[in-house]
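Full structure from sequences and hints, please.
Residue numbers (UniProt numbering), protein chains in the order written: chain A, 1 to 186; chain B, 1 to 334.
There is no bait here: all hints are sound.
Computed list of lysine-lysine pairs in DSS-like fashion (alpha-carbon distance at most 27 Å, straight line):
hint	chain 1	residue 1	chain 2	residue 2
1	A	K126	B	K334
2	B	K160	B	K124
3	B	K124	B	K271
4	B	K255	A	K36
5	A	K155	B	K271
A few chain A residues facing chain B, derived, Cβ under 8 Å:
hint	residue
6	Y24
7	S26
8	K126
Rather than coming from a laboratory, the hints here were simulated on the basis of the structure.
Just so you know, even glycine gets a beta-carbon here, dropped at the ideal spot from N, CA and C.
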Amino acid sequence: MRTLLILSIAALALVACEREDREYRSNPVTAETNEKIALVPLSAGPGGPTEQRSGIGKDYEENAYHISQGQRLYTWFNCNGCHANGGGDSGPALMDDRWIYGGQIENIVQTIREGRPNGMPSFRGKIPDDQIWQIAAYIRSMGRNVPKPAAPSRKDDMSPGPAEQRRPPGEVIDGGQIPPSAQMPQ
Amino acid sequence: MRRLGPILLFSTLPLGGCQGWQSALDAHGPAAGVLARMFWTFVAVLATVWVLTMIALLLSLRRRRPAGADPLATDPATERRMTITVSIAIALTLVTVVSLTGLSYAAQKVLFAHKEGGLTLLVKGQQWWWQVTYEDPQPNRVFTTANEIHIPVGEPVLIKLESSDVIHSFWVPSLTGKMDAITGRQNQIQIQADRPGLYRGQCAEYCGLQHAHMGLLVVAESREDFERWREQQISSAIPPNDDERQRGMEIFMSKPCIMCHQIRGTDAGGKVAPDLTHVGSRRTIGAGTLETTRGNIAAWIVDPHGVKPGVNMPTIQLDPDEVQPLATYLEGLK
Chain A
1 MRTLLILSIA ALALVACERE DREYRSNPVT AETNEKIALV PLSAGPGGPT
51 EQRSGIGKDY EENAYHISQG QRLYTWFNCN GCHANGGGDS GPALMDDRWI
101 YGGQIENIVQ TIREGRPNGM PSFRGKIPDD QIWQIAAYIR SMGRNVPKPA
151 APSRKDDMSP GPAEQRRPPG EVIDGGQIPP SAQMPQ
Chain B
1 MRRLGPILLF STLPLGGCQG WQSALDAHGP AAGVLARMFW TFVAVLATVW
51 VLTMIALLLS LRRRRPAGAD PLATDPATER RMTITVSIAI ALTLVTVVSL
101 TGLSYAAQKV LFAHKEGGLT LLVKGQQWWW QVTYEDPQPN RVFTTANEIH
151 IPVGEPVLIK LESSDVIHSF WVPSLTGKMD AITGRQNQIQ IQADRPGLYR
201 GQCAEYCGLQ HAHMGLLVVA ESREDFERWR EQQISSAIPP NDDERQRGME
251 IFMSKPCIMC HQIRGTDAGG KVAPDLTHVG SRRTIGAGTL ETTRGNIAAW
301 IVDPHGVKPG VNMPTIQLDP DEVQPLATYL EGLK
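Have a look at this one:
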């Protein structure tokens, strides 16, 4: 009886054998995902603004492969040229809790896709849609807004602060300020 | 006994792998020659040792002591014979180990000798391809290519090895031994080909899903051919001269291609994927995965993950009538 118990408990370890799926092959036919996101809680009439989220953000945020691909693409596409390693430079910081245009993954995807005033270019048609989602998932991991087991570990090169998976869980506070260095000269 | 024939015949089949464009036993350079000679010396010496040991073992089994003999009895004559035999065996072992160590030390001196002068290449291992930069004191003669190295015959070529992601290992078996490419440091190895020819190389350190499809090609050719090739590689891409290729170029420039790839002489300046300036002149695409033909280029663009799952080339959105001009344009980049 005892042996059976030990064996069945040992068999439980096998559950850990299957990790998440790595989706290498995105669907080439799908156009970009349609997200309708409100930037401010204001709207005409009593009800709040209507929002439409496709819900695929979760698939990216909870997937370690997507986040680590995002980490790679972040430097490949020169995001660090303006945002540094998340600390911000001429572009706003990404690892803090303030989000000028909203800090949910859909907001970040919209920001990358559409661009924003004061310097953020639009990458529509330049970065394939699934890669935009991967980068957005990585940016979410900078403030530990993704599950700890999915966030990337230490990078090989020098970087400020602890690795993404060792940062304290972040909050998302909508609204924030464009750094003076990024504002248009008056 | 009748079974032995076929078994022997089949066991010689693997020897067929000893020749060809990627074999350490088919040496075409000084370093590989030293390695191959050392391999055969080791095989010969160690096979002799093994055969002698087996003979001694068989003899001792046949000439065993009588069953009734007293196991504790010692005979001075036998004792002396045994002492001499064991001493000789120890001495022979020492001689073998020391001489093989000496041999391998001597081989290392040739293997890691650095001859001055000659070409210097910066080879960067990436998941899963090789970025090759030909260095030159004149900055305008430096150029970058991928997965195909041309070298002049009979001249030493210094390869500086770097890596941008994980550990890779540079190995062209017919020319030299392996050398690791490690992130954050630079290793060096010198290669030299004694005869013109095509030598295949392969990443020799498991580096991820497509490690097996991380090949490279070394083309050894005469000095004149090499110079001609180098001049052509230094030049920018020739602008397209017909409508279809012109359209292909426009498609390339308006798609995500330019985020990663570079075509010198155009607006495409990405540095994270293979330089495509003269992609049509290379023998393979996808680091030795496919032969360079228009069809293969089209297949690669339409579904890179079908050809090489996990590769960092994304699937991009293309209209069906855009594939043909794009492939034609890229194939024409000679």
